[in-house]
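**Student:** Sequence:
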Amino acid sequence: MPQNSLLAGPAPSAPVAPVATTVASAATAPAAEPAPAPVVVLAGDLPEDTAALFGPGPAVVRHAGAGPDGLRAALAGADAVLFGDGPALDAAALAAAPRLKVVARAGAGLGAVDVAAATRRGVQVTAAPDAESLSTAELVVGMLVAVARNIPQAHASLTGGAWQRGRFGGAELAGKTVGLIGLGRVGSLVAERLTAFAMRPVAYDPYAAPEAAAALGVRLAPLDEVLAAADFLTVQAPLTEETRGLLGFEALRRVRHGVRLVTVADEGVVDAHELRVALKERRVAAAALDLDPAGAYAGLVGLENVVATPRLAARSAEAARRGAASAAESVRLALGGAYGPHVVNMHGHAVSDAVRPWLGLTERLGEALTALAGSLPSHLEVTLLGALAEQDADVLELAALKGVLSGPSGHPVSLVNAPLRARERGLTVRLGRAADAGSHHSAVALRAIGADGTTVRLAGTLSGIRRHRRLTEVLGYDLELPLDGDLAFFEYPDRPGAVGEIGTRLAAAGVGIESMRVARAGEPAHALAALATDAPVPPHALTEAARRVGARHSRTVPADRPRSAPRRW
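Numbering (the numbering used here) for the sequence shown: 1443 to 2011.
Think of the hints as simulated: they come from the structure by calculation, not from any bench. Do not rely on the hints blindly, as some may be mistaken.
[Said to hold, decoys possible] Listed next, with one range per pair, are the computed distances between beta-carbon atoms:
| id | residue 1 | residue 2 | range |
| --- | --- | --- | --- |
| 1 | A1656 | G1497 | 40 to 48 Å |
| 2 | A1759 | S1820 | 21 to 29 Å |
| 3 | S1905 | S1820 | 27 to 35 Å |
| 4 | P1981 | D1836 | 19 to 27 Å |
| 5 | G1553 | G1659 | 29 to 37 Å |
| 6 | A1736 | T1601 | 22 to 30 Å |
| 7 | A1494 | E1614 | 42 to 50 Å |
| 8 | P1498 | E1614 | 49 to 57 Å |
| 9 | A1780 | R1635 | 49 to 57 Å |
| 10 | D1836 | D1532 | 28 to 36 Å |
All C-beta atoms in this analysis are idealised placements derived from N, C-alpha and C, irrespective of residue type, glycine included.
Start from the sequences, fold in the hints, and give me the full structure.
**Tutor:** Written out as structure tokens, the structure reads:
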């Protein structure tokens, strides 16, 4: 590796020699103004107490709903928007919110959000998919009982003045086979509950884990087998290109004659026209539909063997509260620079508690990498070391990209749009893993390769109970230095008095040294002085200090956060 460039760095060094510093700041840097409170806009149908979920920190504004223009006006100063049913967050609405960091839906559906536009702008889009699962599963069970025992029809007949006990007897559930189309979160909850009715569950879901199905007492089978065996069918599969028309002409002719069907899936999984034909021919004895009043199933309302509800699956008070709480937590994480488990527009977005603390470290390493290189690299390698290599931590590739691009991008960069920004700048990235983290339990290493082939490498780890971010390697020199605040680096021929010269020049510029480490390597010996300072090092002070010690290279890395205490909420 060439030795005449800070990008390349020397061979790995001998152990670090810590340097005690007594340099005092000649002047105290003024504290930054406290950051303004973030603004959270609440829009659409939400529980009355949603604002209370945020505590005293952010400014929470409830948008009452005055059409698209009113929504855009409300979003002009918003850092976050949390919404329920109602508003459409299209590209125009998102463009009206230059500070926006996160759009959080207090529920599962995101059809009202232009996710592509949000992604281009680096805005997180989050949902609360689990909030509605229990209410949806309970509605499925209720509708299943309703179509088995003809409860709505019997009620309508009785309130109309008739007494027709023999007409509405129906069928028991016990001992019957229930076919589940979809065994995700909702399907699993349905299966658990129907087992209590002594039903025999069989499911079609090509993505379900056999072990999970077996634990629920559910037998997985091909679709044809499920259709042929089921006395009752429940459909809760999501609408995708793969599931669109899944129960159409062919499938509804392979069902067991007289089957009763319940669907809470988005319209399109069950073909509306073919279902109408099957209901009229009594191949499907009865159906219960949770439908959109203006959707394709609306024409089935009024058939005597159809029970319909107007999208009630998630419309319980408990589901609304869970959705709002989940969305508020996503907003809180986003405004704190973190990412929750339900970000829909970020590759590898499921971030575990074990991995989440490494996001900030990796992003900071990326910032330092670009600052030390002096330009944007053409290729980036991210290596997870030690125990971290065994984690599902692909998201750290995005964190590294975000850090590397934050300075030179010229556009807002987040984990959401970092891959897009990288492609625009011609930056490629590769994620690797290695078992050896040296003396550390886990670490992250970044290596940048410039267009001319020069390289720069940094590594860092989290230490202590409080998981402090620490630099462990710079340019081939091993050292330990806090990664917070402003940093400065000098590579120079090793000689006595050099550290004092650097401290004196910085003190004359009003910069105090909070921490310093010196590492040595090479023949003839060179040293790298790495400093954490209490204020940015002015360019003239950096140049003068470098001149005094004969440094062949010197760089600064700016702090990554305001020096004022962050607001807590």
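**Student:** Please write out, lowest number first, the hints stated earlier that are contradicted by the structure.
**Tutor:** When the structure is compared with the hints, numbers 2, 4, 9 turn out to be violated.
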